[in-house]
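Student: Keeping their order, the protein sequence lines are chains A and B. Residues 0 to 476 in numbering that gives the first Met the number 0 are what the first sequence spells out, letter by letter. Residues 0 to 476 in numbering that gives the first Met the number 0 are what the second sequence spells out, letter by letter.
To be clear, the hints were calculated from the coordinates, so they are not data collected in a lab. One should not assume that every hint holds.
No distinction is drawn between identical chains; accordingly, a pair holds when it is met within one copy or between any pair of copies.
Taking lysine-lysine pairs in the BS3-like style, the calculated list, with each CA pair at most 25 Å apart, reads [said to hold, decoys possible]: (1) 314 to 329; (2) 414 to 435; (3) 274 to 142; (4) 329 to 358; (5) 107 to 435; (6) 314 to 1; (7) 435 to 106; (8) 263 to 314; (9) 263 to 1; (10) 107 to 79; (11) 196 to 177; (12) 59 to 435.
Number of protein chains: 2
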Amino acid sequence: MKISTVSELLSQDITLIDVEIKGWVRTFRANRFIALNDGSTINNIQCVVDFENTDEAILKRITTGAAIHIKGLLVESQGKGQNVEIQATSIEILGDSDPETYPIQPKKHSLEFLRENAHLRTRTNTFSAVMRLRSALSFAIHKYFNDNGFYYMHTPIITGSDAEGAGEMFRVSTLDAKNPPLTEDGSVDFTKDFFGKEANLTVSGQLEAETYAMSLGKVYTFGPTFRAENSNTSRHLSEFWMIEPEVAFMDLDGNMDLAEDFMKSVLNYVLENNKEDLAFLEQRQAQEDKSKPQAERNEMTLTDKLRFVVDNNFKRVSYTEAIDILRNSKPNKKKKFQYLINEWGADLQSEHERFLVEKHFKCPVILFDYPANIKAFYMRLNEDEKTVRAMDILFPGIGEIVGGSQREERLEVLKEKMAALDIPEEELWWYLDLRKYGTAVHSGFGLGFERLVMFVTGMGNIRDVIPYPRTPQNAEF
Amino acid sequence: MKISTVSELLSQDITLIDVEIKGWVRTFRANRFIALNDGSTINNIQCVVDFENTDEAILKRITTGAAIHIKGLLVESQGKGQNVEIQATSIEILGDSDPETYPIQPKKHSLEFLRENAHLRTRTNTFSAVMRLRSALSFAIHKYFNDNGFYYMHTPIITGSDAEGAGEMFRVSTLDAKNPPLTEDGSVDFTKDFFGKEANLTVSGQLEAETYAMSLGKVYTFGPTFRAENSNTSRHLSEFWMIEPEVAFMDLDGNMDLAEDFMKSVLNYVLENNKEDLAFLEQRQAQEDKSKPQAERNEMTLTDKLRFVVDNNFKRVSYTEAIDILRNSKPNKKKKFQYLINEWGADLQSEHERFLVEKHFKCPVILFDYPANIKAFYMRLNEDEKTVRAMDILFPGIGEIVGGSQREERLEVLKEKMAALDIPEEELWWYLDLRKYGTAVHSGFGLGFERLVMFVTGMGNIRDVIPYPRTPQNAEF
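I would like the entire structure built from these sequences, with the hints used as guidance.
Tutor: Encoded structure:
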């Protein structure tokens with residue numbers, strides 16, 4: 000007989016049918032009620048054991064974490080919390096789980112403990128919900144771009160170029176680590192390395208994505224990127240996933256339209272398709288908040304926060320206007336900001352971004368036209384020669400979630416920018432070629448995928464939204 | 000006015016409307032006919048220039064590769080090859096393309112030359128078709144798994160484990176390459192490296208995918224994997240993308256069902272959604288074949304080859320049966336095989352796989368139950384203790400395209416296998432935990448994405464189906 004999933008059975012209208020199911024025991028109480036889960040939904044199905052007619056030896060092996068195979072009759076449930084349950088007629092133990100040693104007991108574990116047991120943590124409600132949402136968000140992203148005529152592009156992970164400038168890089172090598180070959184002048188001879196030159200892990204696929212936008216029109220990347228920075232915070236990973244769309248003939252206004260439509264669409268997708276996991280995580284967040292001091296509690300429920308983004312127009316404000324607002328704001332005047340805003344040119348911190356979104360505008364905000372010297376070399380210089388056509392999208396609770404720009408499409412201006420930053424033209428000859436041959440206005444943005452998953456799930460530590468986090472001193476599993 | 004795409008205009012039924020379009024000039028002939036492409040389709044739209052009323056200076060700048068902006072009237076075309084064309088009323092040059100230096104001229108370029116200009120090669124019909132198909136195949140894969148209740152999982156790229164055993168690995172490090180810190184005994188002190196231990200790029204996400212299958216039920220990976228092997232062939236990359244589904248409670252038969260259904264579904268998707276690109280590549284292959292010796296020509300057209308997979312049941316044959324067939328085959332007896340099959344235990348080569356598919360069975364073939372000693376440690380041992388529950392799927396033209404297995408779910412058997420291969424248990428403690436706590440039958444397979452793209456596009460060199468190939472001595476762009 001076909002093995003059903005818990006999800007299928009719980010949404011089953013017809014009862015009094017024979018069913019078969021395989022899954023893992025979450026709890027077993029009163030020698031009678033098994034809560035069984037198979038990952039297909041956050042909900043368990045209740046399996047009622049006829050303990051008087053079941054072998055004692057089998058009953059003892061129905062422990063939390065054990066894999067079992069149940070045959071039985073699907074019936075309407077008398078208990079509360081579920082519509083249907085299974086009256087088990089046969090129970091087979093597929094794999095035992097020793098209750099003395101099994102780490103995932105039916106009690107609250109700390110997130111730190113579960114990180115150390117990351118190979119088992121999706122056996123909890125919290126992590127299974129987070130990872131199902133992560134998967135749903137991934138699909139929503141691919142679906143959005145596919146529906147809108149974008150091509151998915153796999154940009155290279157190993158790069159011979161170190162000109163991207165977005166951060167510290169990891170070296171990729173097969174040289175003898177202890178005795179690398181040396182050149183005559185005594186430096187490491189990377190011409191003998193695997194790729195014939197020094198190679199690193201990519202920090203961004205944008206520059207390569209631009210090459211494809213300038214031929215295929217609309218493209219996006221969705222792949223891993225790396226930062227070798229020694230940041231041990233709840234917001235940084237050494238390995239994380241990024242989404243980077245890039246579109247030819249699109250200016251910064253078009254970029255804002257795209258980003259707003261994209262973010263709303265992706266959030267709408269999970270609001271429609273992942274109600275149960277969201278409801279669980281919303282409740283979890285509310286529960287967590289109770290033990291926090293008032294100031295650290297979330298002002299909105301999880302769903303309200305998603306609705307806040309989906310239902311509001313994003314307010315578009317220039318950096319210059321934003322600085323004025325912040326300079327004259329109460330927290331600035333009363334010195335409540337950790338970093339006070341004194342003058343134009345300051346880099347905004349999360350506290351400022353959140354103030355704009357949560358207190359001042361009360362809607363998602365897109366800041367644009369940032370000072371050139373706090374942004375990357377490839378952003379298009381405005382006529383004022385002081386600002387660039389950059390944009391950051393700010394969300395409640397987290398501040399910046401998306402960063403993008405119109406790219407500098409003028410060969411001479413780009414060369415000047417690179418020269419000023421000592422980026423050698425030979426390193427990016429191919430990037431410059433795009434401005435030599437059929438150049439055009441084009442734009443794009445980057446979204447750190449884990450930041451999005453944190454926003455949607457309400458998890459406070461980025462290590463808890465990726466299966467196996469890589470951070471300084473940690474590459475376990 | 001809205002900027003239309005070429006794809007939109009070519010499928011437009013209504014004519015005599017004002018339209019606006021931006022794209023790149025493919026050709027400009029007779030000072031009159033611009034073939035314009037914007038990447039949205041392989042087809043160009045013809046724009047007819049009123050050259051008598053157009054500035055001579057502008058006409059001169061309409062060169063291959065130039066980016067232009069055209070306004071005009073969409074009309075029925077008198078010429079053959081297209082239904083509609085644009086009578087241009089305004090032509091703006093957005094970005095020039097110097098015909099003296101632009102590498103991508105309207106003539107046939109060698110694939111080698113285009114590889115050196117990989118940043119511009121999607122401006123050709125061949126590469127734009129290949130990369131659109133690559134994108135469509137990616138989406139088809141995500142859609143298939145999403146539709147079938149699988150969760151997408153991002154397995155780690157940087158791994159601290161070197162026990163996967165699938166191949167040579169790249170080291171990831173931030174240590175000083177020239178003067179690495181040493182331990183007292185004089186070896187490199189990796190505890191001082193970024194991750195506190197030696198770290199490498201992953202060769203497979205399977206082991207981590209198993210951890211999620213054993214909680215979420217059905218999962219898959221789709222991410223980059225790496226091999227530091229010095230293989231300079233048309234079938235090997237140092238960096239490539241893999242798809243690895245993994246399913247709890249599924250045995251090898253279920254694995255075969257899944258793989259067959261999956262491959263058919265993905266190929267059906269592009270047969271339905273990418274007709275024009277496939278038709279172009281089919282024609283290209285036929286053209287290429289003309290200049291090849293008879294023996295190297297394709298026996299089937301591109302579409303026939305895809306239909307061969309979609310329309311036939313995959314024949315399931317044990318390794319032992321296959322060896323018998325091969326041993327008694329004509330090419331073996333007449334010593335036509337490069338590697339003769341003499342006895343049970345031999346590893347099959349592509350020539351043998353293709354013989355089985357193309358000559359003997361005339362349908363895709365799934366071989367199963369391979370000798371244990373030519374397969375990986377994690378495959379489930381059969382009762383005969385000689386073979387494992389492995390499977391390879393063989394396709395026409397390329398041989399093996401999918402490799403999978405039922406995994407060894409028995410703790411003691413797995414430990415013995417690891418001990419025999421000197422894989423330390425401490426390295427894979429978490430993998431062993433899956434067998435300690437709620438173990439169950441589970442299976443999965445791996446598909447090298449670029450092999451699939453080669454199969455679908457008919458491209459003969461794997462360097463031509465990924466945007467920026469990484470191979471020994473090459474990490475350009």
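Student: Is the C-alpha distance from residue 435 to residue 106 at most 25 Å within one copy, between copies, in both cases, or in neither?
Tutor: between (63 Å within a copy, 20 Å between copies)
Student: I want to check one pair: residue 314 and residue 1. Are their C-alpha atoms no more than 25 Å apart within a copy, between two copies, both, or neither?
Tutor: So residue 314 and residue 1 pass the 25 Å test across copies only (23 Å; inside, 52 Å).
Student: Measure nothing new, just compare the shortest in-copy and cross-copy C-alpha distances for residue 329 and residue 358 to 25 Å and report within, between, both or neither.
Tutor: within (11 Å within a copy, 81 Å between copies)
Student: When no copy is specified for residue 274 and residue 142, does a C-alpha distance of 25 Å or less occur within a copy, between copies, both, or neither?
Tutor: Close inside one copy (19 Å) and across copies (20 Å); limit 25 Å.
Student: For the identical chains here, do residue 263 and residue 314 meet the 25 Å Cα criterion within one copy, between copies, both, or neither?
Tutor: within (14 Å within a copy, 47 Å between copies)
Student: Should residue 107 paired with residue 79 be assigned to within, between, both, or neither, using CA atoms and 25 Å as the limit?
Tutor: This pair counts as within: shortest intra-copy Cα distance 23 Å, inter-copy 72 Å.
Student: With identical chains treated as interchangeable, where does the CA-CA distance between residue 314 and residue 329 reach 25 Å or less: within a copy, between copies, both, or neither?
Tutor: within (21 Å within a copy, 74 Å between copies)
Student: Evaluate residue 263 and residue 1 at a C-alpha cut-off of 25 Å and name the case that applies: within, between, both or neither.
Tutor: This pair counts as between: shortest inter-copy Cα distance 22 Å, intra-copy 39 Å.
Student: How do residue 196 and residue 177 come out at 25 Å by Cα distance, when the copy is not named: within, between, both, or neither?
Tutor: both (18 Å within a copy, 15 Å between copies)
Student: Under a CA distance limit of 25 Å, which applies to residue 107 and residue 435: within one copy, between copies, both, or neither?
Tutor: between (60 Å within a copy, 22 Å between copies)
Student: Please sort residue 414 with residue 435 into within, between, both or neither, judging by C-alpha distance up to 25 Å.
Tutor: This pair counts as within: shortest intra-copy Cα distance 11 Å, inter-copy 60 Å.
Student: At most 25 Å between alpha carbons: which applies to residue 59 and residue 435, within, between, both or neither?
Tutor: This pair counts as between: shortest inter-copy Cα distance 17 Å, intra-copy 74 Å.
In the structure shown, no violation is registered for any of the earlier numbered hints.
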